[in-house]
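As given, the protein sequences belong to chains H and S, one line each in that order. Letter by letter, the first sequence follows residues 1 to 195 in this note's numbering. Letter by letter, the second sequence follows residues 1 to 210 in this note's numbering.
Watch out, some of these pointers could steer you wrong.
What the hints assert, rightly or not - Partial list, derived from the structure: chain H residues whose beta carbon lies under 8 Å from chain S:
#	residue
1	Lys2
2	Met7
3	Phe10
4	Leu14
5	Gly15
6	Leu18
7	Ala21
8	Leu22
9	Val25
10	Asp26
11	Thr29
12	Ile33
13	Pro94
14	Pro125
15	Gly168
16	Thr170
Said to hold, decoys possible - Okay, derived cross-link-like pairs now, DSBU-like style, lysine-lysine, Cα gap no bigger than 30 Å in a straight line:
#	chain 1	residue 1	chain 2	residue 2
17	S	Lys95	H	Lys70
18	S	Lys95	H	Lys62
19	S	Lys95	H	Lys39
20	S	Lys95	H	Lys138
21	H	Lys81	H	Lys56
22	H	Lys63	S	Lys68
23	H	Lys2	H	Lys40
24	S	Lys95	H	Lys47
25	H	Lys39	H	Lys62
26	H	Lys90	S	Lys95
What the hints assert, rightly or not - Where chain H lies over chain S, by a calculated footprint (3+ residues, C-beta under 8 Å):
#	region
27	69-79
28	85-91
29	176-185
The hints are simulated quantities; they were obtained by calculation from the structure and are not laboratory data. Glycine residues also receive a C-beta, built at the ideal position from the N, C-alpha and C atoms.
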Amino acid sequence: MKERIIMVVFILILGSVLTTALVVVDNFTAPKIKANEEKKLQVNLMKIFDIPFDEKDENSIKKAFTENVKTITKGDLTYYKSNDNDIAFKIAGPGAFGPLTGAMAVTSDLERLKGVTILSNSETPGLGTRVFEEEYLKNYIGKKIVPEIKVLAGGGASNENEVDGITGATLTCVAFQNLINSEFQRVKPIISESE
Amino acid sequence: MSLKNIFGAKGYKVLKNGIWSDHPVCSTTLGICSALAITNKIENAIAMSAGVIFVLILTSLLISTLRKLIPSRVRIITYMIIIATCVTIVDRFLKAYFAPLSAAMGPYIPLIITNCIIMGRAEAFFVQNNTYHSILDAIANGLAYSYSLLAVAVVREFLGFGTVLGITVTPAGWENWVLMALPCGAFFVLGIVLWVIRTLANIELPGAKG
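Chain S with its partners taken away, still in its complex shape (with noise of 0.2 Å):
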């Protein structure tokens, strides 16, 4: 049985898109700002990519349920209080019931309100589309933010820490990249990234030739 029967030829665009050839952070250019912030540790990035993809998940479902009430004119703040609230409420729960998780998320998980995926998906998709369609795009477009941060955390850590989820897999006499860890590194890896990614799945930008 192939995924299209699975999810349906629609869905099964979908998700094609928001993982590969409509890449949020690679075509779009989307969740810059985090993917550039947290990547210097691979903890922190599948933190910050489990946070988004939950968020996702959560804002697309009531916005895609809303997108009939929704009137045009305010629907950007429609967006930025639902987004806050699902933000807020994941901190709170964090709190409360994984302690220990929130102290190492710390900072990050306030900061996924700012998330300028959430904000797209919700003007481009969530409030064009149904609630399956539109938590299909959420999870794809969560699963593409993920792979890519992790793709920079792992390449920076290594390099500028000597270490993989914190443990050392470097020989002894390893000196540590240093630039890799501060953020200026992250624009590096980064921009590697986009290029690998762009040119495998043959992203073409509008306004960019050769």
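Excised from the complex, chain H in its bound form (with noise of 0.2 Å):
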């Protein structure tokens, strides 16, 4: 019985003390990764407006964003208007084999994808995670968006609306394109409202 209390009592006193500790850490990093995402979150922005900026001084990147870039809340969403009325806001939706969160942009006449990114993922590293490459997103700049935009797994695009796959990456290739069809139909009718 004794040997049964101080096993409890062990394990209570061991939980309490890495709770504490933890909620110690928690406390003293939170207000800096929330300042981390939020930094993230406006320098990937101004990447997909194409505004250009100093990406290693703080200082440029938060003046930068101030001047280029106005914040627009309408009822539950929050969205982002560049000086040229380009269009952006966050998109969140299942991956292949986990949440995904990015944001993208589009032309002010909603038509045109204006450019995409993506924040977090869970992807297979190196090989579903190549599709949120800069350098392969840049094939989504410019493309039609209206209906729908398609990414062919087998590649051979040549409408408008329509970007090759990569191998290897088929079942992220398909996640990325219904996120980007899907969260553009979502906030389309609100935005169209209000602007």
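Starting from two chains that each stand alone, build the complex the way the hints lay out.
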């Protein structure tokens, strides 16, 4: 009996000590992590808007963002507008192996993709994640998203709304295509109403 | 001055066993999952190794210090929560202060929790030995894990992508072996690495003959 009490007490004490350590670490790092995420979003929004800035210089990032990007909130949706009237918004949805989050920008007439970027994913490193590399995402710039964008697994994209897929990343490509289409359909009515 | 004088006779033996003759990946086949999963790029292997070494050292410190207090019936749960806490702290710390590195390592950091080397060494060594030897053992096993991961990653990145650390080293016209970039390529390369290290280190497996 005594042995069991010691066992329970030990686990309780250890659990509380470690939890306390985690709470302290969390309190300590949470503001910094939030600021990092905010900065990452700003940097990525400016990249897909194609706004020039110095990525290594914190002040340049802040300055370029406040000068070039307006943040607009409409109901539950927060979206961003550049000086060229292009519109960007955050996207989130299922990938092939876990959630995807990111941002995409469309032209002011809501017809063409201006740029797209992925901020977090759970795809297979080195395979699925190649879809999110900047070099590949350049293929999406200027593509028509009305009625929908198509990623062709076998390649051979010829129409204005088609992009070649990547071999070895077919599932991720399909998930990515669905993410772009469904998120655009979700925000389109809200944005066209407020603009 | 020899290594034996620096680390003490036992310390030297612990180091030698961990790094070479009782190799965690090659002899006890621990940590195989991550050795297969993340070795298609060298930088991934380096990041994973660094994370594992750090968590091993932290865990060895905590478990060997607490070893006389841990009730044997709940020792596995104790290892688990200690390891999970260490990994979470590393993860948060990297996210806050080394955001680009954390972004590059992505899902690998939480995966360190399930690395059986840490659990295995906790049960086999940290819980029975003093803090000094436990930390030596953690470093030795971490290094052994790192160099076997690197050996696999160098071969796979070179053949699968034609690069070393992201720098193209192959001549124009080089055809990438896509198989090597895919998970199945890891089985071939890791098999060969296991064979080579086992032969060189003269590792005898119980029950294996010839």
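Going through the hints against the structure:
1. Lys2: Cβ of Lys2/H sits 11 Å from chain S, so the hint is violated.
2. Met7: Nearest chain S Cβ about 5 Å off; hint holds.
3. Phe10: holds, 6 Å
4. Leu14: holds, 6 Å
5. Gly15: holds, 7 Å
6. Leu18: holds, 4 Å
7. Ala21: With a closest approach of 6 Å, the Ala21/H hint holds.
8. Leu22: With Cβ-Cβ at 6 Å, under 8 Å, it holds.
9. Val25: holds, 5 Å
10. Asp26: holds, 6 Å
11. Thr29: Holds: closest Cβ of chain S sits about 4 Å from Thr29/H, inside 8 Å.
12. Ile33: holds, 5 Å
13. Pro94: Violated, because the Cβ-Cβ distance from Pro94/H to chain S comes to roughly 16 Å (cut-off 8 Å).
14. Pro125: Interface hint status for Pro125/H: holds (6 Å vs cutoff 8 Å).
15. Gly168: Where the cut-off is 8 Å and the nearest Cβ of chain S is about 7 Å from Gly168/H, the hint holds.
16. Thr170: With a minimum Cβ separation of about 13 Å from chain S (threshold 8 Å), the hint on Thr170/H is violated.
17. Lys95/S with Lys70/H: Judged against 30 Å, a Cα distance of about 27 Å means the pair holds.
18. Lys95/S with Lys62/H: holds, 20 Å
19. Lys95/S with Lys39/H: Within the cut-off at roughly 13 Å; holds.
20. Lys95/S with Lys138/H: holds, 27 Å
21. Lys81/H with Lys56/H: holds, 24 Å
22. Lys63/H with Lys68/S: Answer violated: Lys63/H to Lys68/S is near 57 Å, above 30 Å.
23. Lys2/H with Lys40/H: Between Lys2/H and Lys40/H the Cα gap is close to 54 Å, so the pair fails against 30 Å, i.e. violated.
24. Lys95/S with Lys47/H: Holds. Lys95/S to Lys47/H sits at ~22 Å (cutoff 30 Å).
25. Lys39/H with Lys62/H: Judged against 30 Å, a Cα distance of about 8 Å means the pair holds.
26. Lys90/H with Lys95/S: At roughly 21 Å apart (the allowed maximum being 30 Å), Lys95/S and Lys90/H satisfy the hint.
27. 69-79: Satisfied; 7 residues make the cut.
28. 85-91: holds (count 3)
29. 176-185: Holds, because 4 residues of the region 176-185 of chain S bring their Cβ atoms closer than 8 Å to Cβ atoms of chain H.
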